Structure formats: structure tokens, C-alpha cells
Amino acid sequence: NAGVTQTPKFQVLKTGQSMTLQCAQDMNHEYMSWYRQDPGMGLRLIHYSVGAGITDQGEVPNGYNVSRSTTEDFPLRLLSAAPSQTSVYFCASRLGASGIDGELFFGEGSRLTVL
Amino acid sequence: SQKIEQNSEALNIQEGKTATLTCNYTNYSPAYLQWYRQDPGRGPVFLLLIRENEKEKRKERLKVTFDTTLKQSLFHITASQPADSATYLCALTGGFKTIFGAGTRLFVKA
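Taken in order, these protein sequences are the chains called F and C.
Quick note on the working numbering: the first sequence kicks off at 1 and runs consecutively.
Quick note on the working numbering: the second sequence kicks off at 1001 and runs consecutively.
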């Protein structure tokens, strides 16, 4: 089982460039989410989705867009990258949207540097 | 605002001893609390989940307690081993959102 797959693993961008971080899961999970992890600050929720066509904002949504056209995929878009978006990004999924099934499955992360 | 606090200082213990990590939270009424392990350069991996109406949960050498009055969880690793060295993250879930603490680094010395 692949679980949660993130691409790319590493990316360097220049300020103002746009890019998409890809996330795919093969577990038929309803819930998917994106976090960023910065030193000393832990994981912060960017956006989440409770099913295809349904997304909502987390703690730090500014500068990021998401969409959920299929159950499997949940891409994260940076429209105009800024140095403050330099971080490690994690995609995570959960079986149920309601939170009853609590365990989150994480990808291996995408390390983004914005110059 | 909601806040989760974990000991930011690393915890150093001797092999065979019990490691105890603390998670405190404020301004939150979670449905359940989880603990994750994270190794350098890897994504977090789920360890244990405890619900608001549970006091204690065990899994092999791991034990979690949850006190909703004190707003605190304790995470214990008994008979610790060098392979237990990692960062341990506390997470709270309420509704659709799960928020994380910054984690505590554990070093187990042989």
C-alpha cells in the first residue's frame, strides 16, 4: 500500500513564482488536510477537505489554495510564493470526515524553499 | 486562542527507564487526544488515541493519560530503548480540525 504520497519531495522557488504540491492517497479516505511545519512551531493546519468538492480553511490559509475534485487527490497551490512560505509541508488523511476515526496518516513531506 | 504546550526542552533518559512527556492545552475542548512519533526527515506516525471520556490507554510499552479537568495528557514509554529516540507530538481533535503541539525530543542513551 502506498498510503499518502506527496510530490515533489524538494522544491526551490523564487519569490513570486507559483507551484502546486501534489498529494494522493489510495486508502479511500474521506478527510484530507495540509499542514506546514516550522522549527519550534509544530504542525499548523493550512486547509482541509471532508470530501470531494468540499474544502475549508485551517489556522494559516493565507497564500494557499486547495481543491478536491476526486477522493484521492488534494493539491495545494501557492499562487505567488513568498520567503515566509519556506517550510516543510505535510499532507495527511483520515478515514472519516467526522473525526470519529481519529488516526491521521501522513505523507513524507515536501520541503519548499522560497528565495 | 487554542494552544497546546509541550516541553520544548529535550528529554534525556537512560535506557531501561520510563520516559514521561507532558502535553498541556488551553481554550479547547477536544473530542480526543492523540500522540504521534516523528523521526528526522519523516512524516509523523500515529501511536495512541484517547477519548475525552477515557482516563488511560495502553499499548505495549506505551501509556497515555488524559485529564480534561487539568487539561493535560501524560505520555509514558516504559523500559525505554535507544530506538525510542524521536520527537513526540501531542495532537487534539475537535470537529474537523486537529491541532498539534510543537513536540518534545526524546533521547534514550544506551
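It should be emphasised that the hints constitute simulated quantities derived from the structure, not laboratory data.
One or more hints might be untrue.
[Stated by the list, open to error] Here are the simulated distance ranges between beta carbons:
| id | chain 1 | residue 1 | chain 2 | residue 2 | range |
| --- | --- | --- | --- | --- | --- |
| 1 | C | Thr1069 | F | Leu115 | 21 to 31 Å |
| 2 | F | Thr86 | C | Arg1042 | 32 to 42 Å |
| 3 | F | Lys9 | C | Glu1054 | 48 to 58 Å |
| 4 | F | Ser67 | C | His1076 | 24 to 34 Å |
| 5 | C | His1076 | F | Asn62 | 15 to 25 Å |
| 6 | F | Gly51 | C | Ala1110 | 40 to 50 Å |
| 7 | F | Asp56 | C | Pro1040 | 38 to 48 Å |
| 8 | F | Asn28 | C | Gly1094 | 35 to 45 Å |
| 9 | F | Asn65 | C | Tyr1028 | 37 to 47 Å |
| 10 | F | Gly51 | C | Tyr1028 | 33 to 43 Å |
| 11 | F | Gly51 | C | Asp1039 | 44 to 54 Å |
| 12 | C | Tyr1028 | F | Gly53 | 42 to 52 Å |
[To be verified] Partial list, derived from the structure: chain C residues whose beta carbon lies under 10 Å from chain F:
| id | residue |
| --- | --- |
| 13 | Gln1002 |
| 14 | Gln1006 |
| 15 | Ala1010 |
| 16 | Leu1011 |
| 17 | Tyr1032 |
| 18 | Gln1034 |
| 19 | Tyr1036 |
| 20 | Pro1044 |
| 21 | Val1045 |
| 22 | Phe1046 |
| 23 | Leu1049 |
| 24 | Arg1051 |
| 25 | Asn1053 |
| 26 | Leu1062 |
| 27 | Pro1082 |
| 28 | Leu1089 |
[Claimed, not checked] Footprint (simulated), chain C over chain F, 3 or more residues, beta carbon under 8 Å:
| id | stretch |
| --- | --- |
| 29 | 9-23 |
| 30 | 45-52 |
| 31 | 65-77 |
| 32 | 104-113 |
Note that the structure is predicted; figures quoted are calculated from it, not measured.
For each residue, glycine too, the CB sits at the ideal point set by N, CA and C.
What are the numbers of the hints the structure violates, in ascending order? 1, 2, 3, 4, 5, 7, 8, 9, 10, 11, 12, 15, 16, 25, 26, 27, 29, 31
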